[in-house]
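Numbering of the sequence shown is given in this note's numbering, commencing with residue 1 and proceeding in unit increments.
Possibly wrong hints are sitting among the right ones.
The list that follows gives simulated cross-link-like pairs (lysine-lysine, DSS-like), each with its CA atoms no further than 30 Å apart [claimed, not checked]:
| hint | residue 1 | residue 2 |
| --- | --- | --- |
| 1 | Lys273 | Lys28 |
| 2 | Lys379 | Lys436 |
| 3 | Lys379 | Lys273 |
| 4 | Lys124 | Lys187 |
| 5 | Lys436 | Lys184 |
| 6 | Lys184 | Lys422 |
Worth flagging that the hints you see were computed from the coordinates, not collected in a lab.
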Amino acid sequence: MRSHLLNDTTTEHYRRSVTEGVERVAAKVATTDRPFTGVAVDALSPRIEQIDLDRPLYDTTAVLDELEEVYLRDAIYFHHPRYLAHLNCPVVIPALLGEAVLSAVNSSLDTWDQSAGGTLIERKLIDWTARRIGLGPGADGVFTSGGTQSNLQALLLAREEAKSEDLAKLRLFASEAGHFSVQKSAKLLGLGPDAVVPIPVDHDKRLQTVALAHELARCVEAGLVPMAVVATAGTTDFGSIDPLPEIAELCAQYGVWMHVDAAYGCGLLASLKYRDRVDGIERADSVTVDYHKSFFQPVSSSAVLVRDAATLRHATYHAEYLNPRRMVTERIPNQVDKSLQTTRRFDALKLWMTLRVMGADGIGRLFDEVCDLAAEGWKLLAADPRFDVVVEPSLSTLVFRYVPAAVTDPAEIDRANLYARKALFASGDAVVAGTKVAGRHYLKFTLLNPETTTADITAVLDLIAGHAEQYLGESLDRAS
1 MRSHLLNDTT TEHYRRSVTE GVERVAAKVA TTDRPFTGVA VDALSPRIEQ IDLDRPLYDT
61 TAVLDELEEV YLRDAIYFHH PRYLAHLNCP VVIPALLGEA VLSAVNSSLD TWDQSAGGTL
121 IERKLIDWTA RRIGLGPGAD GVFTSGGTQS NLQALLLARE EAKSEDLAKL RLFASEAGHF
181 SVQKSAKLLG LGPDAVVPIP VDHDKRLQTV ALAHELARCV EAGLVPMAVV ATAGTTDFGS
241 IDPLPEIAEL CAQYGVWMHV DAAYGCGLLA SLKYRDRVDG IERADSVTVD YHKSFFQPVS
301 SSAVLVRDAA TLRHATYHAE YLNPRRMVTE RIPNQVDKSL QTTRRFDALK LWMTLRVMGA
361 DGIGRLFDEV CDLAAEGWKL LAADPRFDVV VEPSLSTLVF RYVPAAVTDP AEIDRANLYA
421 RKALFASGDA VVAGTKVAGR HYLKFTLLNP ETTTADITAV LDLIAGHAEQ YLGESLDRAS
């Protein structure tokens with residue numbers, strides 16, 4: 001079994017195995033004509049259940065053949081131009097090269113003596129991102145597993161900086177369209193059930209600063225402690241961007257930590273056309289970025305940035321076997337001193353390779369393309385009497401629903417849209433997401449693929465309308 005360990009005697013085996021795997025994936029990507037096969041869970045589950053993991057196949061080719069049956073054939077392929085559902089981007093090739101390198105070398109980014117150059121590369125990328133945001137010379141941060149962890153860490157720092165001995169008095173303020181990880185973080189941080197104060201949004205699904213000002217004042221008057229305001233630069237449902245400059249003013253007035261969840265909207269940091277849409281982000285105390293959403297990186301690649309590097313001390317613990325305190329005075333850079341994780345992949349390498357091959361402008365142009373595409377998609381929807389579109393996009397998300405001319409019952413329209421999404425997924429012709437707006441069911445395009453065209457959008461809208469009309473026709477038949 002030692003022949004399977006990567007070392008100086010097995011490099012040829014490694015090269016052959018990885019090459020064979022890459023060739024399988026390349027062939028699959030080259031021949032995939034739709035984003036999904038439409039396989040049902042009841043059809044796929046038995047294939048996997050029947051595999052006996054205690055009886056190995058002992059052959060790479062045989063295992064790849066099996067993998068074709070249980071995974072590659074029915075995987076959902078984000079590179080396909082008609083995958084329009086969630087915040088999943090197609091990935092750039094330099095990042096895939098980085099993934100191959102980091103997996104093989106297998107550095108762990110917790111301590112210098114496990115990563116050396118990897119530590120310095122990650123720190124360089126953190127500094128680069130902080131400059132793009134405009135956080136100033138005292139900024140720092142660390143790579144994380146994703147936006148949820150980044151938000152959790154930022155709010156941990158905010159909790160500690162609030163310096164309240166009574167956690168029950170702490171309050172968080174976030175848009176009602178913000179990410180659920182704010183509520184989850186509050187619970188994990190031991191805050192009370194009323195800790196998160198939802199702030200209503202305007203017609204464009206942006207946090208209402210008048211309402212925020214009212215809630216901050218009410219909080220102080222009640223003897224409570226405003227801990228943080230979470231502004232969102234790219235909500236999951238609408239791609240909406242909260243009014244960051246106005247929020248920053250209120251945070252300064254009340255001395256409240258300002259966190260910006262830019263997991264989605266961070267692509268604007270590289271944009272050549274739309275960077276001004278996140279003006280005000282430079283005033284944040286902390287920022288979440290997900291490179292694996294709008295920088296076209298493979299999962300996972302995320303980071304949390306802070307204006308004041310000293311605040312990261314709230315996540316620092318010293319262990320003699322790993323990062324003893326003396327290493328600080330010896331100026332040994334251990335990233336575990338800043339992180340909620342200990343063992344941690346060298347995910348920064350993917351972004352490093354991307355920037356070195358493509359440059360930031362290359363990433364920005366790709367993100368600008370999907371923002372432009374969303375603007376064109378909005379025009380199509382606004383002009384199409386079959387659909388009701390919610391809001392003009394700030395990024396690359398479109399929320400809409402099919403509204404038949406002959407049906408007025410909102411519940412029946414809900415069921416038609418739910419059916420259309422389910423039927424479309426089962427067909428495999430396209431994948432779209434869904435959400436609720438004012439209690440009603442809507443559909444959602446999240447456009448993160450520059451290869452998607454307006455023709456693709458038009459075709460998918462026609463498919464949605466066709467499935468919805470089929471449902472309504474069958475419903476009328478049943479009723480009669």
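Tested hints:
no.	hint	in the structure
1	Lys273 - Lys28	violated, 35 Å
2	Lys379 - Lys436	holds, 22 Å
3	Lys379 - Lys273	holds, 19 Å
4	Lys124 - Lys187	violated, 33 Å
5	Lys436 - Lys184	holds, 20 Å
6	Lys184 - Lys422	holds, 28 Å
The structure fails to meet hints 1, 4 from the earlier list, while all remaining hints are met.
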